[in-house]
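Q: So you can see what is in the structure, the chains are spelled out below.
2 protein chains.
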Amino acid sequence: MIAFLPLCCHPNPKKVLIVGGGDGGVSREVVKHPLVEEVYQVEIDDRVIELSKKYLPTMACGFNDKKLSLVVGDGFEYMRTNQRKFDVIITDSSDPIGPAMSLFQEDYYKLMKNSLREGGIVCSQGGSFWLDYNYIKKQMLNCSIHFPRVAYAVTSVPSYPCGQIGFVIGCLDKSSDFKDPLIKFSSSEIDAMNLKYYSSKIHSSAFTLPRWIEKNFYENGNPK
Amino acid sequence: MIAFLPLCCHPNPKKVLIVGGGDGGVSREVVKHPLVEEVYQVEIDDRVIELSKKYLPTMACGFNDKKLSLVVGDGFEYMRTNQRKFDVIITDSSDPIGPAMSLFQEDYYKLMKNSLREGGIVCSQGGSFWLDYNYIKKQMLNCSIHFPRVAYAVTSVPSYPCGQIGFVIGCLDKSSDFKDPLIKFSSSEIDAMNLKYYSSKIHSSAFTLPRWIEKNFYENGNPK
Chain A
1 MIAFLPLCCH PNPKKVLIVG GGDGGVSREV VKHPLVEEVY QVEIDDRVIE
51 LSKKYLPTMA CGFNDKKLSL VVGDGFEYMR TNQRKFDVII TDSSDPIGPA
101 MSLFQEDYYK LMKNSLREGG IVCSQGGSFW LDYNYIKKQM LNCSIHFPRV
151 AYAVTSVPSY PCGQIGFVIG CLDKSSDFKD PLIKFSSSEI DAMNLKYYSS
201 KIHSSAFTLP RWIEKNFYEN GNPK
Chain B
1 MIAFLPLCCH PNPKKVLIVG GGDGGVSREV VKHPLVEEVY QVEIDDRVIE
51 LSKKYLPTMA CGFNDKKLSL VVGDGFEYMR TNQRKFDVII TDSSDPIGPA
101 MSLFQEDYYK LMKNSLREGG IVCSQGGSFW LDYNYIKKQM LNCSIHFPRV
151 AYAVTSVPSY PCGQIGFVIG CLDKSSDFKD PLIKFSSSEI DAMNLKYYSS
201 KIHSSAFTLP RWIEKNFYEN GNPK
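Protein sequence lines correspond, in order, to chains A and B.
Position 115 of the first sequence, counting from 1, maps to 115 under the UniProt record's numbering, and the rest follow consecutively.
Position 21 of the second sequence, counting from 1, maps to 21 under the UniProt record's numbering, and the rest follow consecutively.
Quick caveat, the hints were computed from the structure, so don't treat them as lab data.
Check each hint, because a few of them may be wrong.
Same chains, same names: a pair is fine if it fits in one copy or spans any two.
[What the hints assert, rightly or not] Here are the simulated lysine to aspartate or glutamate pairs, DMTMM-like style, with alpha carbons at most 25 Å apart:
no., residue 1, residue 2
1, 137, 50
2, 53, 37
3, 201, 180
4, 54, 219
5, 215, 37
6, 201, 177
7, 201, 50
8, 110, 65
9, 138, 65
10, 137, 107
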């Protein structure tokens with residue numbers, strides 16, 4: 001979902017940057033999208049990549065795709081030297097407490113904005129509304145300083161605490177309606193890509209939040 | 001969700017039966033629906049009711065509503081003596097392994113069908129697709145023997161294993177489209193009823209399943 005939600009909100013996601021995602025799962029999915037031509041991935045910890053290749057081969061197979069260029073390095077540094085380059089930036093990080101904290105701040109959203117081309121989209125790990133309510137609200141506000149359209153989406157992941165993970169998504173195109181995917185794949189296309197979870201219908205549902213969250217996260221469609 | 005999903009799939013849910021639900025949470029929600037006139041609840045274990053009143057007062061407050069008639073007894077017996085009576089039957093039971101097993105079988109669906117009025121709807125606890133995949137498929141098939149329309153819906157409950165609980169819903173009206181609620185409440189109506197989770201939008205989303213579940217649970221819109 002962290003891959004196909006932002007990709008299908010973009011009309012032509014040719015160039016994608018993945019920050020983090022050292023287990024290879026996100027790149028494995030991103031390369032499946034037929035409009036994606038080049039994927040750049042910057043992972044700071046080469047040991048994560050190495051261990052994933054050894055112990056998580058069904059995830060790490062994403063590293064073998066010819067669309068992918070893998071860089072071991074710092075995502076901040078990488079974006080500073082790669083401006084106006086990407087259509088979609090996906091940040092697959094650990095939680096906002098500890099080493100990955102900087103990936104949830106305003107500075108990071110500014111940097112991502114500058115690395116995007118016109119109409120670009122960012123999608124970042126955004127915790128669970130059951131556990132990380134205040135962090136998510138802050139992250140959405142940080143995103144909204146640099147992106148005119150911001151939304152929060154959720155999906156069910158049984159191995160995560162509370163069985164849920166969410167995503168904060170921002171778009172430079174202020175007319176974007178995240179809920180309605182710009183690229184809709186048929187069921188047979190979904191199956192041919194071997195997408196097990198994503199569909200155009202589940203895309204829309206992911207942005208539908210319980211009433212108390214909807215009321216507390218948004219005001220007139222914007223983060224509050 | 002176990003309350004408002006079936007209630008909003010029925011055009012006029014005047015009389016509701018709750019089987020189980022001894023903590024009072026389901027009746028607390030069912031009585032909020034403006035078209036519901038009478039609620040009958042049959043809980044087999046009076047100790048559950050007693051302890052919920054003592055330790056879970058914010059749930060057990062459901063027992064105080066004047067729409068509710070609470071019976072301590074066996075749901076099977078109760079339905080045998082109450083035929084063609086209800087518009088909606090909600091079964092809020094424990095898991096399909098152990099004492100509540102009989103509430104997931106074909107006999108039980110037959111009994112519920114006979115206790116329903118024309119166009120009636122049943123909604124039962126239906127586990128999580130992450131954990132109870134085979135049980136859910138069997139339960140849907142049992143339901144479909146007596147109900148021409150059957151669907152599975154999910155919601156996020158952080159305290160349940162995998163953070164998810166689902167519902168098997170059956171309707172005697174074969175034209176029913178569960179996803180599109182027959183009764184749509186506005187946001188201000190939802191807030192006035194103090195519904196924290198349910199909305200018409202989340203109703204539709206609840207029936208949207210990941211691609212692999214959709215493909216394995218349904219064939220031409222029917223359980224397989």
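Q: For each hint, tell me whether it holds in the structure or not.
A: To see whether the hints hold, each was checked on the structure:
In the homo-oligomer, the alpha carbons of residue 137 and residue 50 never lie at most 25 Å apart, since the shortest distance is 35 Å inside one protomer and 40 Å across protomers. When the C-alpha separation of residue 53 and residue 37 is checked against a cutoff of 25 Å, the pair qualifies only within one copy, where the shortest distance is 24 Å, while the shortest distance between copies is 61 Å. In this assembly of identical chains, residue 201 and residue 180 lie within 25 Å of each other by CA distance both inside one copy and across copies; the values are 9 Å within and 14 Å between. Taking identical chains as interchangeable, the C-alpha atoms of residue 54 and residue 219 are never at most 25 Å apart, the minima being 47 Å within one chain and 39 Å between chains.
Taking the shortest Cα distances, residue 215 and residue 37 never come within 25 Å of each other, neither inside one copy (39 Å) nor across copies (29 Å). For the identical chains of this complex, residue 201 and residue 177 are neighbours both inside a copy (14 Å) and across copies (16 Å), given an alpha-carbon limit of 25 Å. In this assembly of identical chains, residue 201 and residue 50 lie within 25 Å of each other by CA distance neither inside one copy nor across copies; the values are 36 Å within and 43 Å between. Taking CA atoms no more than 25 Å apart as the test, residue 110 paired with residue 65 passes in neither setting, with 30 Å inside one copy and 53 Å between copies.
Taking CA atoms no more than 25 Å apart as the test, residue 138 paired with residue 65 passes in neither setting, with 36 Å inside one copy and 40 Å between copies. In this assembly of identical chains, the alpha carbons of residue 137 and residue 107 lie at most 25 Å apart only when taken from the same copy (16 Å versus 48 Å across copies).
In terms of the numbered hints stated before, the structure departs from hints 1, 4, 5, 7, 8 and 9, listed from lowest to highest.
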